[in-house]
Amino acid sequence: MAAIEVRGLERAFQGGVKAVRGVDLEVAEGEIYAFLGPNGAGKTTTVRMLTTLLRPTGGTARVAGHDIVREAPAVRRAIGVALQEAALDPLMTGRELIHLQATLHRLPRAEARAKADELLARVGLEHAADRRVGTYSGGMRRRLDLASALVHEPRVLFLDEPTTGLDPVSRKAIWDEVRALNRSGTTVFLTTQYLEEADQLADRVGIIAQGRIVAEGTPSELKAQVGKPHLEISIADGELERAREVVARLGHELPPKDGLVLVELEGGAAQVAPVVRALDEAGIAVESLQLVEPTLDDVFVAKTGRHLEGNGDGSGASVEAAPGDSSEDGARPEQPAEA
Amino acid sequence: MAGLVANARVVASLGARSVRQTFRRPQLAAPIVVFPSLLLAVQTGGAGGAVNLPQFPEVNGFLDFMLAGAMIQSCLLAGNSGGIALAVDLEMGFTDRLFAAPISRYAIVLGRLAGTAALGAISAVYYVVIGLVFGVTYEEGVGGVVLMVLWVTLAAVAFGSIAAAIALRAGRASVVQGMFPMIFVILFLSTAFFPAELMQEPAATVAEYNPLSFVVAGVRDPVVSVVTGEGALKAFASIVGFAALGLGLSALAMRRRLRLG
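Chains as they are written, first to last, in our numbering: chain A, 8 to 346; chain B, 4 to 264.
Source of the hints: derived by calculation from the structure; they are not laboratory data.
Where is the CB? At the ideal position from N, CA and C, for every residue including glycine.
Any given hint could be a false lead.
Rough simulated footprint, nothing fancy, chain A against chain B, three-plus residues with beta-carbon under 8 Å [what the hints assert, rightly or not]: (1) 93-104; (2) 139-148; (3) 203-216; (4) 251-263.
Rough simulated footprint, nothing fancy, chain B against chain A, three-plus residues with beta-carbon under 8 Å [what the hints assert, rightly or not]: (5) 55-63; (6) 117-125.
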């Protein structure tokens, strides 16, 4: 049984604005599914419907085997939710929040106390447990929010932009926790506007734009749809043509660009070493080389004609670039490789 | 039965949070204690001679008369503070945490009102003590004081339900806060601070039929005279009326909010 099944899900708001326009998706038990898209794409609206906070205006969805409209209380018992911007009361302490969450999920008092200790330790907040949330950093708030969502050991965990605005260290801490949860069997549905987050965490990614899923698959499948990794090789003067002949034997050679030899590698990084060896054996001096892999942003561009801005750095950029802005230079992170 | 107990536990927990929140946020606590205390001090000190006016009811002292007004003002403001706090919860998304939990949606409002009830009771006790310190005579004794605390507590819940309805409908703390002047208008158009006999028309008629005046009388009677069945019934009916209005509007606002998201 799928943990989440969505068929033709729609949500229109007053004034006829359609935030979600017929989303279909299926998330298997134990999977991490990332919903990737810019602000306003329909990610949060979809999550709010799946977590029973918002009624759909069309379509159906089942979460943990329960219909989100007709069996909403059963859905709420099965899910954990950490919403965007960590909706925490700054006047409560971390421990009070976990206790309250435990009460909401009908845990007996003694169990709630033990659970609070366990979860606060798990997310590294035991030292701050009795401090008011208002004194927490952004990363601490997110970790507390995550801990509170786990109090009843949910089958399906919804995380709405769990790392937006966090520094790299805090982001990694959240990722590690999500991975650990997933290893213990929890299905995770997360929304993100960060390509790296989707790439690193998700078993499968759904790319959403303007309320519709425009692409879906594993990160590798999606990237493979828009091209293969290629190697950009800078060669010493006078050796360019000979280098092209050598690399053409190892992969599909692409037209040279800016004096660089370009070769597409089916096997990605695993094929870099043979190329380097072949050039070395031919006595060709390599000045530098870089393995350039397709990114989810390339997928996003291919499917929507737009970039997800600020994708690689996780800096919180979220605005879609204007249509037609298809420059690849700024958006493609490159992996340097030692020659 | 188990569901009822679980929901009662949720209401109690949310009520406790509400009380803690009020004491931790001075702007919520101050109106409940500071404003009515100041008004009580200023009016008692400055207008104490009013008891000598020919039509003024027979009382042991002006503070005896004013105490009920301060209590009702305090519980009106406690209700309003509860509404503001609920609106703040809505604004910061805290209520989403509650809506996403497997609890009755109405437990969220009832939890807030439980907190308001506790604040009402605390403020009532505070004003009873103020009265004792400054020489008020409670004509109906301990039983009368218990009745006063009960009326104030129930009235706080009733007024809180109206504020909750506004919070749920508007979703913005500034809107609920905007009700502040209205509270004073309603209060001054009742017998909270001035006997109807000494008011000019049309204020006297408005005050006579203002349900708030019945609640004020219910709280005042144990201090200045005797508790009558008719007076108690009028006070109770008025509180029930306010509560029915507030809870009805809250239910409608909640349904609308859940429908629209």
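Right, here's what the structure says about each hint:
1. As drawn, the region 93-104 of chain B meets chain A at 9 residues by the rule of a beta-carbon pair under 8 Å; at three or more, the given contact holds.
2. Given a C-beta distance limit of less than 8 Å, the hint that chain A covers the region 139-148 of chain B is violated, as 0 residues qualify and 3 are needed.
3. Counting residues of the region 203-216 of chain B whose C-beta lies closer than 8 Å to any C-beta of chain A gives 0; at least three are required, and the coverage claim is violated.
4. Look at the region 251-263 of chain B against chain A: 3 of its residues bring a Cβ nearer than 8 Å to a Cβ of that chain, three or more, so the hint holds.
5. Taking a C-beta to C-beta cut-off of 8 Å, the region 55-63 of chain A contributes 6 residues in contact with chain B, enough for the three needed, and the coverage statement holds.
6. Evaluation of the coverage hint for the region 117-125 of chain A: breached, as 0 residues show C-beta separations to chain B shorter than 8 Å, against a requirement of three.
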